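Could you put together the complete structure from these sequences and hints?
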Amino acid sequence: LEGNVSAIIIKMKVIAALLLVVAAQGAVVESNEGDGPSGCCDWPSCYDERVGLCLDTCLNTWTQCPAKLFLMTCYSQYMSPFGELPLQCFPDAAPHLQEAEELGLTGPPSKIREELHKLNSKNCHPKTGICRPVVPA
1 LEGNVSAIII KMKVIAALLL VVAAQGAVVE SNEGDGPSGC CDWPSCYDER VGLCLDTCLN
61 TWTQCPAKLF LMTCYSQYMS PFGELPLQCF PDAAPHLQEA EELGLTGPPS KIREELHKLN
121 SKNCHPKTGI CRPVVPA
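For the sequence shown, the positions run 1 to 137 when this note's numbering is used.
No wet-lab data here; the hints were simulated from the structure. Computed from a predicted model, the values in this text were never measured in an experiment.
Just the calculated beta-carbon pair ranges, DEER-fashion:
| # | residue 1 | residue 2 | range |
| --- | --- | --- | --- |
| 1 | Asp92 | Arg132 | 17 to 25 Å |
| 2 | Cys131 | Gln77 | 33 to 41 Å |
| 3 | Pro81 | Cys131 | 35 to 43 Å |
| 4 | Cys41 | Pro126 | 37 to 45 Å |
| 5 | Arg132 | Ala67 | 34 to 42 Å |
| 6 | Arg132 | Gln77 | 34 to 42 Å |
| 7 | Lys111 | Leu59 | 24 to 32 Å |
| 8 | Gln98 | Leu69 | 32 to 40 Å |
| 9 | Pro81 | Gly107 | 18 to 26 Å |
| 10 | Leu97 | Leu71 | 20 to 28 Å |
Note that beta-carbon positions come from the ideal geometry of N, C-alpha and C, so glycine has one too.
Spelled out as structure tokens, the structure:
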């Protein structure tokens, strides 16, 4: 009987030690997660006013908005704990991030996207559909 009791006590001590190790590792992981966003998927889907479509932030694509679903605008500071959707999460701006940085474009994503669209505007022929870059005057 004494052998069984001491074996149970040893097992309980091992389990308690393992629980402490797991709890300590969990605490470390939780403190690292609070540092900031890990990517565009940390923001929910949102309504992109510029194109009039819903933006799936994880897939980085625009889609038709569901009929009875209310989504916040992508520019809302209340979209996530990290604020509005960053510029690199917009499909039309992501390929031009380096260009925006080189031009010194700063400010909210809405302003930078507008400036990028002005710089990359095109004239399209109504019959042929052929587009040419607009040359600034």
